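Novice: Protein chains in written order, with UniProt numbering: chain A, 1 to 304; chain B, 1 to 292.
By construction, these hints were calculated from the structure, which means they are not laboratory data. Hints may be right or wrong, so weigh each one.
The following residues of chain B were derived to be distant from chain A, with all beta-carbon distances above 12 Å [to be verified]:
1) Pro94
2) Ile131
3) Asp259
EDC-like mimics (lysine to aspartate or glutamate), calculated; alpha carbons at most 20 Å apart, straight line [claimed, not checked]:
4) Lys279/B with Glu255/B
5) Lys67/B with Asp190/B
6) Lys67/B with Asp235/B
7) Lys279/B with Glu112/A
8) Lys108/A with Asp163/A
9) Lys279/B with Asp106/A
The structure displayed is predicted, hence computed values, not measured ones. From the three backbone atoms N, C-alpha and C, an ideal C-beta is built for every residue, glycine too.
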Amino acid sequence: MSETPTRTALRPTASGRLQAWLPRLVLAPSVAVSLFFVYGFMLWTFVLSLTSSRMLPSYDFVGFGQYARLMANERWWVASTNLMIFGTLFIVICLVLGALLAMLLDQKIRQEGALRTVYLYPMALSFIVTGVVWKWLLNPQLGIQAMVRSWGFESFEFDWIVDPDMAIYTLVIAAVWQASGFVMALFLAGLRGIDDSIIKAAQLDGASLPRIYWRVVMPCLRPVVFSAVMILAHIAIKSFDLVVALTGGGPGYATDLPATFMYTHAFNRAQIGLGSASAMLMLGGVLAILIPYLYSELRSRKHG
Amino acid sequence: MANVIRRQTPAARMWRGVLYAVLIIAALFYVLPLVVMLMTSIKPLSEISAGTLLSLPQNPTLEPWTKAWGEACTGMRCEGVGGYFWNSFAIVIPAVLISTAVGALNGYALTKWRFKGSELVFALMLFGCFIPFQVVLLPMAQTLGWLGLSSSRAGLILVHVVFGIAFTTLFFRNFYVGIPNELVSAAKLDGAGFFRIFWRILLPVSAPIIVVSVIWQFTQIWNDFLFGVAFSAHDTQPVTVALNNLVNTSTGVREYNVDMAAAMIAALPTLVVYVLAGKYFVRGLTAGSVKG
C-alpha cells in the first residue's frame, strides 16, 4: 500500500479502485452461494412440487396436483396433526419448565454454576443420541416401566412408545429433556438483565415475591419469551432426527412429522413431486412464524 | 434479580429447603439418562436383563465399548462405529475451518466496509439460517451429482459450509459491529488495505467470537443427521448415521449395552467441548438462536 491518501482521494488508481471493490469481491462468493443454494434451491423445489416427478425429477407439469394429493393424503394429516400436538406441548412445557428453573436458580443458590451445567448439557447432544437413550429408557420390558414394577408397583404402566395413541408424547418428553435447559439459560440471562431498582421499589411498596414476579418481572421478560417461542417452534418444525431415532415414525406412522414425511416420500418411496410439495408447506410454516418475528426485531432495532 | 431479602425465619428456611429439593429433582431429570446410558454401556448383557436401569454394574466390562467401536453391525457391515467416528472428524474439521474463515471475512466486510446495499446482502444471507433444510434436499442431491461429489466427504463438507456461513457471518457481523470504527478509519487513512486491516486490527481481538463460531459449527455439524443420511454412502457416513444404523440393525439378540456404548461414543466429542467451553457454547446458542 504505497499510495498516499491524498492521491487516492484525488484520482483513484487501479489498486485504489481494487480496494474499493474488495469488500464486495470478498462477499460475492457467499452471496452467489446463498442465491444458488438457498433461493435457487427453494425455487427448484417449488418447481419440482408442480411436476409429476417420482423416482427421478421430471419436468412434466401438473399444476398444483401434488398439493391436492397431499391434502387428500391421510398420512400427511397425521404428520401435520402430530406437529401441532408435539409443537404446542414442546413449546409450552419448555417455557414453563425453563422459566421456573431460571427463577428458582436466581435465588442466590449455592452451586448455581454446576446446576446450570447439568440442566443445559443435553443441548450439546445430537438428537440421535437423545433418541437412542430415551428409546432405551422407555422400553417397556427393560426400561422405566420394568424398574418401577420391580419396586413393587406391579400394575404400573408406561408403554407409550409402543402405543400408537401415546407415542407422540414420548417425542415431547425427549425433546423437552433436550431443550428445556436452554430455555432456562435464556430466561436466566433475561432475569439478570433486569434492573434491580425496579424490584427494590416493588419490595418497598410491600409487594409479595410471587406478585413481583408476576407483575414486574414477567412483563420485562416478554422479549425472551418471544425469542424462545421462535427458536422452539423452529426446532419443532425441523424435528427429524429425534423421530427417526426414537420411534422411527411408528408404531405404523403414528409419530410421523412433516419432516419425516418429506424424507420418506422423496427418498424412500419415489414420490419426489409429493415430497417437494410437503417441503414447500414446511417452508410456508416457517415463514408464517418467521416474518412477524423478523418484522418486530427490525422495528425494535430501529427504535432501540 | 438476585436480591431477594432472606430472613432466617423458620418459614424462610423451609422455603429454602423446598427450593433446593426442586432444583435437585430437576437436576436428576437431566442427569439420570446420561448415568443410565453410561452404566448400561459397561454392564454385561446378563446383568441388563436381570437388573433394572438403575442397578449398579456388578461386573463392569469395557467389552460393549470395544464391540461398539470395532465389531458391531451398522446395516450390512460389521465394523463398529469407529471408522464413522473418524469420518465425522474428517467432515467436521474442514467444514468448521472454512465456514468460520468465510464468516469472519464476511462479517468484517459487512461492518467495516459498508457499501450501498450491504445491509440487504446481510439480510439475504441471514435467511439461510431459517429455512427448513427439507426444502433444499432434492436439488442438493442433484447438484452434488453434477459436481461429481455424490456420497463423498467433500460433498458433505460443501453442504455444511454452504449452510453454515449464514450462521458464522451472523456471529462475526454482530461481534464486529461492536468494535469501534475509529481504529479502522485511522488505518484506512494511513493507506492500509482491506486484508491488512483485518489481519492487524480485527483478527487480534476476534478470539472470543472465533471460539463461539468454532464451537457452534462443531456441534451443529457433528450432530447433523439429515444431510449425513441424505448425502453419504457406506464408507462416508458420519457417526450419527452409523449410530442410528447400529441401533436399528436387528440381527439376533439386541445388545443394549453395545447400543449405549455407541451412543456414548457419538456423544463424547460434543460433551467434551461443552464441558471445556460451556460458556462459549451458551453464548453461541443465544447469539445463534435469538437472532437466528
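Novice: Each hint should be assessed against the structure and marked as holding or not.
Specialist: Do the hints match the structure? See the list:
1. The beta carbon of Pro94/B is kept farther than 12 Å from every beta carbon of chain A, the shortest such distance being approximately 16 Å.
2. Some Cβ of chain A comes within 12 Å of the Cβ of Ile131/B; the nearest lies about 6 Å off, and the non-interface call is violated.
3. With a cut of 12 Å on Cβ distances, Asp259/B falls inside the contact zone with chain A, its closest approach being about 6 Å.
4. Restraint check for Lys279/B and Glu255/B: not satisfied, since their Cα atoms lie roughly 37 Å apart, outside the 20 Å limit.
5. For the hint pairing Lys67/B with Asp190/B, the CA-to-CA distance comes to about 63 Å; that exceeds 20 Å, so the pair is violated.
6. Taking the CA atoms of Lys67/B and Asp235/B, the gap is about 19 Å. The hint holds against a cut of 20 Å.
7. Among the hinted pairs, Lys279/B with Glu112/A is consistent with the structure: their alpha-carbon atoms are about 14 Å apart, no more than 20 Å.
8. With a CA separation close to 43 Å, the supplied pair Lys108/A and Asp163/A exceeds the 20 Å bound.
9. A distance of roughly 18 Å separates the Cα atoms of Lys279/B and Asp106/A; the hinted pair therefore holds under the 20 Å criterion.
Hints 2, 3, 4, 5, 8, counting from the list given before, are not met by this structure.
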